[in-house]
Amino acid sequence: MAEKGSTRILDGNNAAAQGAKLSRVQVIAAYPITPQSPVTEKLSEFVEKGELDAQYVAVESEHSALAVCTSASTVGARAFTASSSHGLAYMHEMLHWAAGARLPVFLACVNRAIGAPWNVLNDQQDSISQRDTGWIQIYARNNQEILDSIIQAYRIAESVYVPVMVCYDGFVLSHTEMPVNLPSQEDVDRFLPPYKPHTILDPANPRNYNLVTFANPRVNAEGVLCHGYMELRYLLQEALQNSRETIIKVGQEFGEAFGRTYSSTLWANRLDDANTVIVAMGSLVMEATVAADILREAGHKVGVLGLRVFRPFPKADVVKALEKSRLIVVFDKNISYGLEGATCSEIKSALYGSSVRAVIRNFIVGLGGRDVKARELVDAVNRSLLSAKEDDLTREYPEWICAI
Amino acid sequence: MGTRDCQHICAESSPAIGEAGKTGEWRDSFPVIDPEKCVVARQNKPACFLCWLYCPDAVITKTVPIQIDMEYCKGCGICAQICPAHAISMIREQ
Amino acid sequence: MKTTAVNLTEKEYALPGNRTCPGCALSLAYRHILKALEGQAIVTVPPSCLTVLHGMYPITSVTVPCVNTPFASAAASATGLLAGLKALGREGPTVVAVAGDGGTYDIGIQALSAAAERQTDFLYICYDNEGYMNTGNQRSGSTPLGAISGTTPVLGKQQNPKDIVAIMEAHGIPYVATANASYPLDLYEKVKKARAIRGTRFIHVFSPCPPGWSFPFNNTISIGKLAVEIGWVILYEVEDGVFRLTSASESIAKQGNLKPLREYLGQQGRFRNITEEQIEALQRWVNARWKRCLDRAGN
Amino acid sequence: MQDYYEIRWHGRGGQGAITAAKILAQAAYLEGYQGVTAAPSFGAERRGAPISASTRIGRQTIMVVSQIENPNVVVVLDHTLLKYDEVTSGLIRGGWLIVNSWRHPKELDVPGDFNIATADATRVCSDLGLVVAGVTVVNTAILGSFVRATEAVSMSNIEKAIRGRFSDSQAGINLAAIAQTYEMTRLERRG
Numbered sequence: 001m002a003e004k005g006s007t008r009i010l011d012g013n014n015a016a017a018q019g020a021k022l023s024r025v026q027v028i029a030a031y032p033i034t035p036q037s038p039v040t041e042k043l044s045e046f047v048e049k050g051e052l053d054a055q056y057v058a059v060e061s062e063h064s065a066l067a068v069c070t071s072a073s074t075v076g077a078r079a080f081t082a083s084s085s086h087g088l089a090y091m092h093e094m095l096h097w098a099a100g101a102r103l104p105v106f107l108a109c110v111n112r113a114i115g116a117p118w119n120v121l122n123d124q125q126d127s128i129s130q131r132d133t134g135w136i137q138i139y140a141r142n143n144q145e146i147l148d149s150i151i152q153a154y155r156i157a158e159s160v161y162v163p164v165m166v167c168y169d170g171f172v173l174s175h176t177e178m179p180v181n182l183p184s185q186e187d188v189d190r191f192l193p194p195y196k197p198h199t200i201l202d203p204a205n206p207r208n209y210n211l212v213t214f215a216n217p218r219v220n221a222e223g224v225l226c227h228g229y230m231e232l233r234y235l236l237q238e239a240l241q242n243s244r245e246t247i248i249k250v251g252q253e254f255g256e257a258f259g260r261t262y263s264s265t266l267w268a269n270r271l272d273d274a275n276t277v278i279v280a281m282g283s284l285v286m287e288a289t290v291a292a293d294i295l296r297e298a299g300h301k302v303g304v305l306g307l308r309v310f311r312p313f314p315k316a317d318v319v320k321a322l323e324k325s326r327l328i329v330v331f332d333k334n335i336s337y338g339l340e341g342a343t344c345s346e347i348k349s350a351l352y353g354s355s356v357r358a359v360i361r362n363f364i365v366g367l368g369g370r371d372v373k374a375r376e377l378v379d380a381v382n383r384s385l386l387s388a389k390e391d392d393l394t395r396e397y398p399e400w401i402c403a404i
Numbered sequence: 405m406g407t408r409d410c411q412h413i414c415a416e417s418s419p420a421i422g423e424a425g426k427t428g429e430w431r432d433s434f435p436v437i438d439p440e441k442c443v444v445a446r447q448n449k450p451a452c453f454l455c456w457l458y459c460p461d462a463v464i465t466k467t468v469p470i471q472i473d474m475e476y477c478k479g480c481g482i483c484a485q486i487c488p489a490h491a492i493s494m495i496r497e498q
Numbered sequence: 499m500k501t502t503a504v505n506l507t508e509k510e511y512a513l514p515g516n517r518t519c520p521g522c523a524l525s526l527a528y529r530h531i532l533k534a535l536e537g538q539a540i541v542t543v544p545p546s547c548l549t550v551l552h553g554m555y556p557i558t559s560v561t562v563p564c565v566n567t568p569f570a571s572a573a574a575s576a577t578g579l580l581a582g583l584k585a586l587g588r589e590g591p592t593v594v595a596v597a598g599d600g601g602t603y604d605i606g607i608q609a610l611s612a613a614a615e616r617q618t619d620f621l622y623i624c625y626d627n628e629g630y631m632n633t634g635n636q637r638s639g640s641t642p643l644g645a646i647s648g649t650t651p652v653l654g655k656q657q658n659p660k661d662i663v664a665i666m667e668a669h670g671i672p673y674v675a676t677a678n679a680s681y682p683l684d685l686y687e688k689v690k691k692a693r694a695i696r697g698t699r700f701i702h703v704f705s706p707c708p709p710g711w712s713f714p715f716n717n718t719i720s721i722g723k724l725a726v727e728i729g730w731v732i733l734y735e736v737e738d739g740v741f742r743l744t745s746a747s748e749s750i751a752k753q754g755n756l757k758p759l760r761e762y763l764g765q766q767g768r769f770r771n772i773t774e775e776q777i778e779a780l781q782r783w784v785n786a787r788w789k790r791c792l793d794r795a796g797n
Numbered sequence: 798m799q800d801y802y803e804i805r806w807h808g809r810g811g812q813g814a815i816t817a818a819k820i821l822a823q824a825a826y827l828e829g830y831q832g833v834t835a836a837p838s839f840g841a842e843r844r845g846a847p848i849s850a851s852t853r854i855g856r857q858t859i860m861v862v863s864q865i866e867n868p869n870v871v872v873v874l875d876h877t878l879l880k881y882d883e884v885t886s887g888l889i890r891g892g893w894l895i896v897n898s899w900r901h902p903k904e905l906d907v908p909g910d911f912n913i914a915t916a917d918a919t920r921v922c923s924d925l926g927l928v929v930a931g932v933t934v935v936n937t938a939i940l941g942s943f944v945r946a947t948e949a950v951s952m953s954n955i956e957k958a959i960r961g962r963f964s965d966s967q968a969g970i971n972l973a974a975i976a977q978t979y980e981m982t983r984l985e986r987r988g
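Chains as they are written, first to last, in the numbering used here: chain A, 1 to 404; chain B, 405 to 498; chain C, 499 to 797; chain D, 798 to 988.
A few of these clues could be false.
[Said to hold, decoys possible] Label pairs and their in silico Cβ distance ranges:
hint: 1; chain 1: A; residue 1: Gly-353; chain 2: D; residue 2: Arg-843; range: 48 to 58 Å
hint: 2; chain 1: A; residue 1: Val-212; chain 2: B; residue 2: Asp-409; range: 13 to 23 Å
hint: 3; chain 1: A; residue 1: Val-212; chain 2: C; residue 2: Asn-505; range: 33 to 43 Å
hint: 4; chain 1: B; residue 1: Ser-493; chain 2: C; residue 2: Thr-507; range: 21 to 31 Å
hint: 5; chain 1: C; residue 1: Asn-771; chain 2: D; residue 2: Arg-843; range: 52 to 62 Å
Rather than coming from a laboratory, the hints here were simulated on the basis of the structure. Note that this is a predicted model, so its numbers are computed, not measured. Glycine residues also receive a C-beta, built at the ideal position from the N, C-alpha and C atoms.
One chain only, chain A, in its complex shape:
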């Protein structure tokens, strides 16, 4: 199906704001932080101009931003927030709360490094640090995916009652303009039905949400055995486990409605005959395809695997995509200190017990806005090709592409 709607040249933040607007968000609460601020500015402009019928709450902190969103979501409003870096870290408690309360709020994470020392530029340490909060995490490669993912995110979140975070690289995408197709409001309205909350806030039918919960199950006043804390945690895990199916279904339906299909949790580039696979996330996936092209010209069978969905981690999809690989080179814009890049750990974990017996190399790149050039990725892969031996499947620690 051909693309519909109109194409404009937008930066990532504007694409995010347009995505929120098209999703008809009803409550917006956000606190400015570089490089996310233009998202909140644009949305407040939409509201003040009357182009978006939403409540815009200019909160005093990120913690409050998400508290506003969770409570608004409990009432039944579609809620939107956006943050970066320290702001996301400051939200940490509320991130857990939103997921634990099973509220389908949305967060645009404009990926930025975290201090100390201060740094406003891009890496993915902020969102990776939040991977265990129970949120679905989707990473966009370009500005079109930012917009498309937001619209899909509300469908996903409101189907499985799990909050969704769409992450995109600060400045590299947030402040870089590129062509973005804007679907029509009518088409989005058809695709995204109104939010139906599972919560009830009505004095005539009083319910109390998220009281202290015992370790063990407890019988309610009617004699029905209700969950203990652990059963509620299981349900959240189950929801994320099962959400893969919803994510793919929503992505397919999005394709049918708008002509851009998101039918996988992954982005695969020239994987069919590749025995060497570059793994990356976010905008780096684009740069990695340039590197793969260079390596192909040099005679290496190189492909790229981009992780679109990081939580739930698509283990089975990853194993299948890496089936033919003999060398996997994972580039991480984050570091789990004392171990390695987070995506590398996830890839290794996914491959455990599979038939894939590939050498895995991990490179930490691009922290704090350090530019990552295709030729550097090429160099790293070339070095890995030289060291790729059966008896040297993995290294204890990753290699850093920096000047130390």
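Mind docking chains B, C and D on chain A? Use the hints.
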């Protein structure tokens, strides 16, 4: 049988009396109303009701005569202290 | 018609058999707060003794809808409830945040101040038991000078509490008031009045805590009354900038002098180590505040 | 016309280099290039301090997100910036250095095997009253020199991009500035 039957996807609670159980069991002493002294009992009509007003646990009825729900009365003794007619005494539980 | 114990509604929204300690002033105050709201409220609560009162999943002791929220976020949660209700065209129930002194003076003040600055249309009730009683009595920004607590275990607290009501008044909000669980009808009237006002309304409710302050639980009411008689608690309201003493504080201002502080301190184990110097300092603090209030009231 | 351009803009905070980078991306998209990107130099921007921006133009979707190392074109909004080595750094052989300057390209004394174009955009804009908050805004005017030198986009698509961005009266002045700068641009081919 598991806990799925409750159909909650988050911790959603509904109101009921006695959430903490029979809180009357917490008492070390219990209130006794002397109808000879209680203004409501003596006047045999709605009056005073200060014990009802000040009870933290809403276990005293606003009726003629006044009644105390001993299943849930925690025995704090506020009613005995507040009663202007000194009609309520606290008796130690056996 | 003046509200009395005789004509006050029988309907209860806080049910018997809840989890609070015997003689809990919060439990008493909350009964009357909900009566004044006639149950037509959506409540949001950060962790506190009120969370305990509300019960444990899947049963709650309260017949009003409630959204629990992390410690720092009571006022932000209330803001979200309002924004959600407004977005859905469901304006009607009063949005009420109820937090303790820890959740108000300390960790919650940032969100509260911001919500007030935004003139958020909600009622904020701080019940003040002068410490983190839910976690076993640690000092808060409201704990009095000289009081022993879990984190001032030997010397007692070395500072006076901050005047949260004055802080809230400085936000230029339409209604602030102080109340006291020992004066439930005064509290009831203030909540009822606040319910009808639009914008941010703030009510401070003094709530003696028998285990935390170490006094017999049948003395909750008398301790609360004594707190007014010695001037530690001053009952007043400021409506659109107009200051008015109410209830017992109004009578004391008209008829008599404050009782000496010593009588109040002597009834509570938490002041067992207080020094003469501290008592004098505390008395000076009380006297100065009482004089300010008398001046404002035009006495 | 080439299939792929990497253009780096150098200016001072407030001169509008980023806006120019975006207008060019828009015009190129209208020209039929499917891949365009426009980005500021990342980080804090302060008025008067040297800044850069970039535009990439390609027949296909742009996959490169790293910073430009070897531009085909470098546009300099303020010739005083030529004293910084990074301004011409990496500019490819046969590429274009486009400078807002009253000097002839030969008089600029810039070594290298690239072509040079100059025009006195400041005078044009100052005459037309293109002054915002005390700063003569030359960012759009220099697009005239860009088109003249590179022929990467047509004047009509520059006009469409300008009209899409500015009010009618503002667009008129900007287009007049672009047209005048186009005419007065002096070219020196040496690549």
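Okay, the hints, checked on the actual structure:
no.	hint	in the structure
1	A:Gly-353 with D:Arg-843: 48 to 58 Å	55 Å, holds
2	A:Val-212 with B:Asp-409: 13 to 23 Å	22 Å, holds
3	A:Val-212 with C:Asn-505: 33 to 43 Å	36 Å, holds
4	B:Ser-493 with C:Thr-507: 21 to 31 Å	29 Å, holds
5	C:Asn-771 with D:Arg-843: 52 to 62 Å	58 Å, holds
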